[in-house]
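Novice: Sequence:
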Amino acid sequence: MATVSTQHGSTLSAWQAITIPEFPACNASAQFDVAIVGGGMTGLTVAYLLKNSGRSVCVLERGKIGQADTCHTSAHLTYVTDHRYSDLSRLFGKDEAYLTWKGAESAIGLIETIVREEQIDCDFDRVPGYMHTALSGNDGDEPVDLFTEAKTIRDAGFDATYMESVPVMDRSGIRFDNQAKFHPLKYLRGLAEKIQGDGCSIFEHSEVTDIESEPTRVHANGHTVHCDNLVIATHVPLMGKARFIKSTLLQTNLAAYTSYVIGAKIEKYGLPCALFWDTASPYHFLRIDCHEHEDYLIFGGNDHRTGQADHTEDAYAKLESLLLRFFPAARVESRWSGQVIDSHDGLPYLGESAKHQYIATGFGGNGITFGTLGGMIICDSICGRDNPWQDLFTVERKKFHASAWSYIRANLDYPFYMFKDWMGGDRQSQPMDLKLGEGKVIVRDGKRIACFRDEQGKLSEVSAVCTHLGCIVHWNSADQTWDCPCHGSRYSAVGAVLAGPAETPLQPVVVEQT
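Numbering (this note's numbering), first residue to last: 59 to 572.
Calculated directly from the structure, the hints in this document are not laboratory data.
Every value quoted in this text rests on a predicted model; they were computed, and no experiment measured them.
Using N, Cα and C, we set each Cβ at its ideal position, and we do this for glycine too.
Keep in mind that a hint or two might mislead.
[As the list claims (entries may be wrong)] Pairs of lysine-lysine, PhoX-like flavour, derived with a Cα cap of 20 Å:
(1) LYS244 <-> LYS152
(2) LYS498 <-> LYS516
(3) LYS376 <-> LYS323
(4) LYS493 <-> LYS516
(5) LYS209 <-> LYS160
(6) LYS122 <-> LYS244
(7) LYS252 <-> LYS122
[Unchecked claim] Quick list of the computed label-pair ranges, beta carbon to beta carbon:
(8) GLU496 <-> LEU70: 18 to 26 Å
(9) LEU517 <-> THR171: 51 to 59 Å
(10) LEU517 <-> VAL226: 46 to 54 Å
(11) GLU80 <-> ASP179: 15 to 23 Å
(12) GLU513 <-> ARG174: 43 to 51 Å
Assemble the whole structure, with the sequences as input and the hints as a guide.
Specialist: Structure representation (structure tokens):
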């Protein structure tokens, strides 16, 4: 499945070697029909669709387009959700399960149509996808379960075939035809080229610092952008102009998980060009790209709640060991981490969150497909058109079901981590004790300080208090980031926001001379 993420690893992701045109920063106040915050998959999709519907749009991106979440996906394009089809049917109903998968399938179809009509060279290709039993352990009773699952899916009208042995993995599983893959940054580059101009603009290095209503306007780089509609496409939604309590409750309905990915080259020997994912929890996923002289493997997994794992550097070693078990000749060349945002019930939130304000979040492992579907739903809503998925994925859905208890249990750890970390902290260590590349939360004068010493020996000290709801951040040694264990915010080693729901950086602390 796709892993949506933000790069903090030791190397760039598999997609970042290409060049993307630069766009100017917002340097003047302006008026647009729609302002879109976030220049990733969702933001550029909705911008492209709205421009084609005759709206003037602007995209406001904090950094560079595509360089946050989208460029660190594994770029699986599949309508198969993290929740099994039978589970969706039981939790929501057969019609809702069908509609969910059909929505993701339609999103893949839209991407294919845009690629063809706009002639975007992004390596789009239809490939099979295989869900198979866990890579560790034996099949046990699971093959019967997958046989039944395949029949349920096939009876619903989707292409699913049970196999006693899927290719490469030699495990029982289900084959799904007509899934797809592509190069996400090449695709976004193509969209951006079509969006810019004719009254529409993309602004990079233009962080939105405030959002107001009546009238709707956003502030970036000291300038004001007035708009009739606002789309917040930032993976984890900003507060926006919805009431604070409502926005906070939405954010706490989301759970952030960190996932790890490695990329490896391997000589050609007949591997199929395909997608794979297993039934473990958390699951592993593999993408095989076939090239003329060699193939490329993208392998990931080892997910954990963001900020709630120790020894995170071991995650990459475990992935590499498992990959080499199946592909001994693979040459690992890159690694990166990612963040997956799950909703409390397993379905994304797509659509209007307040009057004339829209969000798309909670994609789980289907960031590319649900991000695209979110763009479709939001465009239709702004243009006054009905959309078949608008009610299913609405932020206001009220239906309470068994999975809500999973959400309640998952969020019981919020007060635990809040109390544990405020009472804890290293009271013995001093900043000068830090090794190169090391970070640690220390206690000084009753304050918790996030200290980091870079490879050149420069020391930085920022407050360890997450700016979202006040938890204490943890040091992620694998990615050299500060991660919040409560709601998944991530910060750079020096405190800059890398992933929400936090919107402001960790507060600086004056560094004492040592």
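Novice: Would you mind marking each hint as holding or not holding in the structure?
Specialist: Outcome of the hint check:
1. LYS244 <-> LYS152: violated (37 Å)
2. LYS498 <-> LYS516: Holds. LYS498 to LYS516 sits at ~14 Å (cutoff 20 Å).
3. LYS376 <-> LYS323: Roughly 18 Å between the alpha carbons, so the hint for LYS376 and LYS323 holds.
4. LYS493 <-> LYS516: holds (11 Å)
5. LYS209 <-> LYS160: holds (17 Å)
6. LYS122 <-> LYS244: holds (14 Å)
7. LYS252 <-> LYS122: At roughly 17 Å apart (the allowed maximum being 20 Å), LYS122 and LYS252 satisfy the hint.
8. GLU496 <-> LEU70: 18 to 26 Å: holds (23 Å)
9. LEU517 <-> THR171: 51 to 59 Å: holds (52 Å)
10. LEU517 <-> VAL226: 46 to 54 Å: holds (47 Å)
11. GLU80 <-> ASP179: 15 to 23 Å: The hinted range 15 to 23 Å holds for GLU80 and ASP179, with Cβ atoms some 20 Å apart.
12. GLU513 <-> ARG174: 43 to 51 Å: holds (46 Å)
When each numbered hint is compared with the structure, a violation occurs for hint 1 only.
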